[in-house]
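A.B. asks: Single-letter residue listing:
There are 2 protein chains.
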Amino acid sequence: MAGPIFQALPGFRDFTPRECAVRNYLFETWRGVARRFGFVEYESPILEDTGLYLKKSGGELSTQLFRFEDQGGRDVTLRPEVTPSLARIAAQHQRDFPKPLKWFEIGQCFRYEKPQKGRGREFHQFNVDILGEAGPSADAELIALAIETMLSFGFVAGDFVVRVSDRKAWTDYAAANGVPEERVTDFLSIIDKIERDKPEALAQKLAEFSLTPEDVRGFIADPANASAAYLAIQEDLAARGFGDFVELDLSIVRGLAYYTGVVFEVFDSKKSMRAVAGGGRYDTLIATISDGAADMPVTGFAMGDYVIRNLIEETTHAAMQMEVWLQRNAAACDIYVVVADETKRAESLQLVTSLRRAGISADLPLANAKVGKQFQHAEKCGARFALVVGAEYPELKLKVLASRTEESGYASTAIDWLTDRLLQPDGPLLA
Amino acid sequence: MAGPIFQALPGFRDFTPRECAVRNYLFETWRGVARRFGFVEYESPILEDTGLYLKKSGGELSTQLFRFEDQGGRDVTLRPEVTPSLARIAAQHQRDFPKPLKWFEIGQCFRYEKPQKGRGREFHQFNVDILGEAGPSADAELIALAIETMLSFGFVAGDFVVRVSDRKAWTDYAAANGVPEERVTDFLSIIDKIERDKPEALAQKLAEFSLTPEDVRGFIADPANASAAYLAIQEDLAARGFGDFVELDLSIVRGLAYYTGVVFEVFDSKKSMRAVAGGGRYDTLIATISDGAADMPVTGFAMGDYVIRNLIEETTHAAMQMEVWLQRNAAACDIYVVVADETKRAESLQLVTSLRRAGISADLPLANAKVGKQFQHAEKCGARFALVVGAEYPELKLKVLASRTEESGYASTAIDWLTDRLLQPDGPLLA
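Chains as they are written, first to last, in this note's numbering: chain X, 12 to 442; chain L, 12 to 442.
If you're looking for bench data, these hints aren't it; they were derived computationally from the structure. Be careful, since some hints might not be right.
All copies of an identical chain are treated as equivalent in the list; a pair is satisfied when it fits inside any one copy or across any two copies.
Claimed, not checked - 30 angstroms max Cα-Cα, derived BS3-like pairs, lysine-lysine: (1) Lys110 with Lys381; (2) Lys66 with Lys125; (3) Lys216 with Lys66; (4) Lys110 with Lys384; (5) Lys110 with Lys410; (6) Lys355 with Lys110.
Make a model of the complete structure from these sequences and hints.
C.D. replies: This is the structure in structure tokens:
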């Protein structure tokens, strides 16, 4: 019996080529949308001083950390999220950039949770933030970016909805109802669990504040409680043609303690009502992280790779769009050079080198093989064309693998011929 | 006095936007070359079972590990290199792919070393491997890819050289000179340090094998000691037009114990003769990692981001090419919409939304600002054009920021107009 074979750790993924191509599809879509919106990319370190995470937010994630002591005795942690690093970097470099900063990061994060379908111990997250602009136009810009991201993945109206709320509406409510200021965070965490708590538990928790479930449900249900910021966001998004994607939902307060104003979540509006992305305003975090050395309002959101990928695969039109992209981008090469006459290997090597130099993805067999096997390999690689180098060299045959049609040309003009041919569809040329 | 501000850990980098753009330039060049050569991308986990690294190679890197116990009591390590993970994944999935596998990964690795100029505790590495092909044509393909990578960064003949050796030549030499088989690894580690050891130390170490520095230097200097594999590689690369980039250098054996045959290093041929990349054949590693459950010959190489970046910056023609790329790709947006009349904000939002939807990178001020300040911001962002929305809307003015020339057009046809305009150079149109 063979010995044990190493496996990936529980909750960690091996991105074999097909999985890596799906990952690249998500990354390129995210990156493309962010760039169209005028955001620039940054990347924070994967490993940070643990204090950065404990300081941030009362440590909601502190039980889920990959935390250890490094060889120099430092208490370090694999990042469970990137926001604290962003706040650290912004505090250090705030004078180096014109405001507002529009920054995005695509980064891997790590949380020690029970691995289950749709959740691992590592995941990739698309983080988008606007720093240095306190007005609701910044929140609207972010929500518009979240909507455009969904549209860019091929989702349409009816597939998703953005639910927007404002913690200010709740802090005003709390003040008006006699909730002491130092207990507002506790009060908000009751609202955060309003859909998940049992009725008796909810009633009991609210009773501490002399409130009832009916009181808070009444507040949530009344559109007159929309904040001024919400109304401005709604008007801004309507001007962009995105008004129908957004609705007021005061039941959303978001779990993390650092949010200070507008908060929102993008929901799958089919089936499971999963949150696909979420974010909001956290105007005091930079001052907290920097102990007051820097201070900037920030609004941001994040989208993870697990939920969006599942949603794409469950939604026919989005899944088809991804499949088309994968077919175009996951092929190992566009042109496979078939060496039909092994005495022409040197010529084949020269040809494939000039094609690659000209920017064409081209490959050839590394060892002598039967022509039939070479054609099989070309198809397995996903190549569009087989370029046959045989005894008649410098004349070459080009076989279109999808249509099984054939053309011919010459080695001396191969670059122009094939560059042009790759821009055309795969069918036979018109007679 | 303000309290302490968190910093990145020693040896870890914050990739602020300019640094991130440089990183992206390296990644896109690496990825582009690998795809042109018919390689497909994979990614292995950043965190692995520590046993994977200790098993591989006698643990050369074992003193430099970021190693810890996770919450489940597992002994885990941040990857110091990706080759062991590749061997693990290949052993698990060997039946799923046609051979040879041509795979590449761009991954971050972690080693606890003393941070210094040109070396951190994390670095990005471009890893390229061919699995399942034992012949020298696979080594030649890899060396050709290494050369094409250098050419793609803008380096030319004279900037770099690939030095190729073969451990087989040395194992044959060791056998012919009575070195016992179990001591060949020790013997090779003497050869590996031949340029760094002091003459007396070298002589003393070789005396244990009844050899002298003159013996081994004589062997290195004699081109007749080139292996058959080296000669085949030289012939293959000459056919590709790359013969002049390669030379025999038997003093290269590479440090890691797992190499079994051809090894090579790409050297900066100016100044410091730094190794920019290196690799070779490791035909037994998959069997070792899988305890014999799988067995495949492999040849691979890796290039880190620190040395190549420094070399680019020190080499005028390569630096200029990168600078041109950065100017084109690191701008926050191409078109900055100047809201010259705040009553036209809704129209401006609609316009910028339609431009972004059409794939154009466009931005606008999030708050009311003076026109002069908006133009300043447009220039700071690196925009090529300012598109002015004013009282005369739907007529629009387009200012070319580099040449200070101006054109006009209409909102209704803005997408076609600007798409076309972005494809043209920045100067004024011919009269």
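A.B. asks: Would you mind marking each hint as holding or not holding in the structure?
C.D. replies: Tested hints:
1. Lys110 with Lys381: This pair counts as between: shortest inter-copy Cα distance 15 angstroms, intra-copy 63 angstroms.
2. Lys66 with Lys125: Both, since 25 angstroms and 28 angstroms are each at most 30 angstroms.
3. Lys216 with Lys66: within (27 angstroms within a copy, 55 angstroms between copies)
4. Lys110 with Lys384: between (60 angstroms within a copy, 12 angstroms between copies)
5. Lys110 with Lys410: between (55 angstroms within a copy, 22 angstroms between copies)
6. Lys355 with Lys110: between (61 angstroms within a copy, 22 angstroms between copies)
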